[in-house]
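Q: Protein chains in written order, with my numbering: chain X, 1 to 622; chain P, 1 to 612.
Read the hints as simulated data drawn from the structure, not as lab findings. Errors might be hidden in some of the hints.
Here are the computed lysine-lysine pairs in the BS3-like style, where the Cα-Cα straight-line distance is at most 25 Å [stated by the list, open to error]:
1. K553(X) x K149(X)
2. K516(X) x K491(X)
3. K516(X) x K553(X)
4. K241(P) x K149(X)
5. K516(X) x K130(P)
6. K491(X) x K553(X)
7. K241(P) x K516(X)
8. K219(X) x K45(X)
9. K589(X) x K149(X)
Computed from a predicted model, the values in this text were never measured in an experiment.
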Amino acid sequence: MTWCRQQGQRGVGWLAKARKDPKATSKPRTNLYDQDEAIEKPFDKAQFVRLLSFLRPYRQTVVYVLALMIVLAVANLSNPYLMKIAIDVHITNGNLLGLSLIGLLLLGLQFVVLYCSRQRTRLMSRLGQNILLDMRAQLFAHIQRLSFKFFDSRPAGKIMVRITNDVNQLNQLLTGGLVNLITDIISLVGITLVMFWMNWQLALFSLLVVPLLLLIATKLRRLVRETWRDVRYRNANINANLQETLSGMRVIQCFGREETNLQHFRDLNDDYKNAWMRAMRINMFFGPSVDITQVIGSVVVYWFGSQLLFAGNNITVGELVAFIGYLGRFWGPISDLSNIYNQLLIAMASAERVFEILDYPVDIDDAPDAIELGTIRGEVIFDNVTFGYNDDRMVLQNINLHAQPGQTIALVGPTGAGKSSIINLVSRFYDPQAGSIYIDGQDIRKVSLNSLRRQIGLVLQDTFIFSGTVRDNIRYGRLDATEAEIIAAAKAVNAHEFIMQLERGYDTELQERGSKLSVGQRQLISFARALLADPRILILDEATSSIDTHTEKLIQEALAVLLQGRTSFVIAHRLSTIRDADLIVVIDKGRIVEQGTHLELLGRRGVYYNLNRVQLLQGEAM
Amino acid sequence: MIAGESIFNQNNGSLPEEVLLVRTIRRMLSYAVPYWQHLLVAVVTLTTLTVLGMVNPYFSGMLVDRVLKGGEKQLLLPICGGMLLVALARGVLRYIKGCQIERVGQGVIYDLRVSLYAHLQRLSFSYYDKVRTGELMSRLTGDVEALRVFFSDGILNLYECALTLVVVMVILLKMNTKLTLLCLSMSPFLAWVVFRFDSQIRPAYSHIRRQNASLSAVVQENIAGVRVVKAFAREQHEIDKFARENEKLWERVVYSADVRATYIPIMDLLSGFSSVAVLWYGGYQVIQGNLTLGSFVAFNSYIWSLIWPIRRLGHLVNLLEQALAAAERLFEILDTQPAIASPAGAVSRKVRGKVEFRNVNLHYGSADVLQDINLVVEPGTTVAIVGATGSGKTSLVNLIPRFYDVTGGQVLVDDVDVRDWDLGALRKHIGIALQETFLFSMPVGDNIAFGRQDASQTDIEAAAQAAQAHAFISDLPEGYDTFVGERGIGLSGGQRQRVAIARALLTDPRILILDDATSSVDMETEHRIQIALRSIMQGRTTFIIAHRLATVKDADIILVMENGRIVAQGTHDSLLLTSAIYNDIYQEQYREQERLRDLVQATGTTGGGVVG
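When you get a sec, could you build the whole thing from the sequences and use the hints?
A: Right under this line is the structure:
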């Protein structure tokens, strides 16, 4: 065949190239196959304060932990001082008793340290984990409240990363980083005080090098931050690529894309590795510079110390040794602080992503004065409804529709006409831009979401099966349903028979997405699920498209009984399925072009009539 | 049973735990082998660093004894100068060491990631039927990171600790034997504590990892199923489910912290004992005149070099255990044998399109999915498959590209068993539009070109035209460059299916499989797709699974399936005569058709003169 000639070998090459270099294009790249947005700004005080606000419920613990840290810092700092006394006073004077007393004191301190550090670790881990627990719970609960708009624009993987990775990233800061930060600051302050108290001249000399270090640190800091951002950006790309590869593995294997994918993945990893090494080469300057400044500091102290000593000033050998000891402890925290700053930046980037979700407005929410919708009769009115998923592109225009309680409304029209959008509005998954929807005369924006959706049963095009047993999956419709009710629902939709043929019947464990079942079987289960919920309004969105004619017929018999007394909306392509509906609504390009009963519409010889003719023509050929 | 591939590798179950542990460690370390040069440089520089680290305390001692106490002022300058030089040298060496070891860490995770990725792409459908994406993701990110930390931080630290211990011990023994032995008297207790700590923290970490994976899985499922969650207003139920896993994670993490809180302070205490002992006994010796004050000061600073490695041991054990837990889980993936792979000497040539099923049986667990399938399809034939939900239609066509292996009998393509074909060659010539459409987050055009990246824009558009997708794609904001999100969100079900058909057509397949691929497409569009396919698929073999008889009736062979068997096969006309089931389906659809016609006629419009 000539329809796909082997011409123009480079047709899509430019796209592949453009994908590789994120900066080469100005297109919005938020949801790319292998890219994640890199939200990062310089250190943001407000965000940090907000992060700290998670500590508020645990104020008492925080105070207790701080007290423990101070005790620990003091205990650690008293070590060199006690040594100094031991050397200067007792050893020099040959006072064995005094030496022993100091030994005992040091020993006692060790036990204090033991107790305090144990308590600190226990409390800190609880504190940190409590915060993470709260944060995850808040995030998850918030995400449950977000409307489809949020999910439409984000791959599942990205949302997941926020709840798991980003929160875990904060873990390091909260349980490790903050402890170190506070300990370090306490130690620094303590050491500085002690050094000045011991000998202010020496202290001044030894701290002469600090400005030098600060200079290096600030020079490096910006560079470091930029390179780390690069690293994280590339890491996010790898993760996004992985996520999508795993989800689309079947398609990849169908089309034999393994080699190309692997090469692309290698490229992403190369980028990441190079970015990492670049970041490291700069970051590595910190440690050695701190070390060298430290030795310079010690040398300065030795130098001036010995000058003072020789000049006969009031300074002792023990004092000098103790001083050097403190100086050594001074630099440890300083070099830690540079790491903590990095850690802080990483954590803040994560915090920002977490907050971004927490701040995402709940656009579909109960009104403040929302009322509980009582048991409804099922009257649905669309009053001049205009709706678009984005404000700039309306998919429904001026929809007016009146469904009487108990009526079956069939929605007909070509793919993409807006049928699914109409039913999405009934459950208030989205709010229309203009117009209102009334159920039993009540504007659905004024009732509580829960009381509304509980009375609407929905069977979607894409059936979703949760991991768990078949029973769990059906029971999802009504959590307190009895075994008998579950089986009755399954029987009503003809699912019982095939369920009993499964390995363990209703106890058969299904994996996420239900891969053990055929698509049709999954649909039957979702039918049973919807039925069990005993809704007043039932919505079937192409729910029968993958069920064979025979099964569909059986289901429809069951549904005919079950639909009685319920208002229902049915979307189907097979006209025979919808012929018996009380009201057929024909939609095209977001507008209702015709509505009426089957006979009325045929008589009108419009769009519906033509749809029937095409189908008839195909059938005739049979 | 689909054998040979399981999520958890059970082969090693019989070996004692220690042997397994050693094996895991060895295997983990083997990843560093390609980077031995970098590792060697790092080790050499580190050794020099450690030795140089011993020099400054020596200088301090000398300074105290000879300069401060002895008054040898002329030594002050050289000693201070020496100290600075040593510090400078150490700085440079540390920098080199750092860069080298990062290289090792990055190299290891690069190799590991790529081999995991390559391996995952080789694992067959049956693996993905069982495994949860969220869990895999958490392994591929978290576990790989744990290994990186170990290789770029843990390994050298371990070596440094060991080396420092040895060097300091030698120096201390030379300086003062008794004092050193006193110092080391705590070591047996310390070793015991470290051992106990290790054995308790290891399971604690692996529990945390597993719990993290469960938590991810709950989130993943919740987000993937968000439409169902909202439709049933089950948000609270989901929040409760999440809260349970969340709390479990809390417990596991806090437990591990408690283990650390129990042991690490004890380690510190024991090492603290040493320093107190040295102070007391050393001071006593100075008083007795057996030790100079300078040596005592030097000894004291060396003691710290003895204590910090011991203190760090707890932290290192932590790192090692985390890395081991991570490595085990990653190796589990790597050790999963692909159930389906090309054999040695596989057949690799162009497919003509003959497909044959010989006594094929297939069962999952105890459930028979396919039984006694016998079928010969000559190249260029169109085969339609009809039958009830769950009757085995999809399973049957899944055997042709060898997504699963038969449990009995043979599937042959061009008279060669599919198990003898090179998988790549075989699948390259088979185009498939699956029941469930997955589109990648990239431009629509790229999605269509997924199976043939060298396709030109003309080719892509031709395929889209045939699949009746060109019109709606052209209407998209950026046409073929419009991004379609994960799972093609933004397109309707029918639009996604049409993109998937275009994707299959563009590969120019010798065998085309349409597995209920037009179920969400309206009848009129489907009809047009059918007409387009008829000319495109001339001379090619086509398998069509469908429910509408109008879709299948022109096929050369129609198979009627029931309970995993082909119960009838033939053309539309012959089946009407021979198959009761087919007749039933026909009658049902025909009766509807009749009613439809009656109604149309009743409203005074005849079917005559309609346009196609």
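Q: The structure should be examined with respect to each hint, and the outcome stated for every one.
A: Hint check:
1. Simply put, K553(X) and K149(X) have alpha-carbon atoms about 35 Å apart, too far for the 25 Å limit, and the pair is violated.
2. A hinted pair counts as satisfied when its Cα atoms are at most 25 Å apart, and K516(X) with K491(X) qualifies at roughly 20 Å.
3. A distance of roughly 24 Å separates the Cα atoms of K516(X) and K553(X); the hinted pair therefore holds under the 25 Å criterion.
4. Distance restraint check for K241(P) and K149(X): the Cα-Cα separation of roughly 24 Å lies within the 25 Å cut-off, and the hinted pair is therefore satisfied.
5. At roughly 9 Å between alpha-carbon atoms, K516(X) and K130(P) fall within 25 Å of each other, so this suggested pair holds.
6. Simply put, K491(X) and K553(X) have alpha-carbon atoms about 14 Å apart, close enough for the 25 Å limit, and the pair holds.
7. Taking the CA atoms of K241(P) and K516(X), the gap is near 24 Å; set against the 25 Å cutoff, the hint holds.
8. Our distance criterion of 25 Å between C-alpha atoms is met by K219(X) and K45(X), whose separation comes to about 21 Å.
9. Taken as a hint, the K589(X) and K149(X) pair is honoured in the structure, with Cα atoms around 21 Å apart against an allowance of 25 Å.
Consistency with the previously given hints fails for number 1 only.
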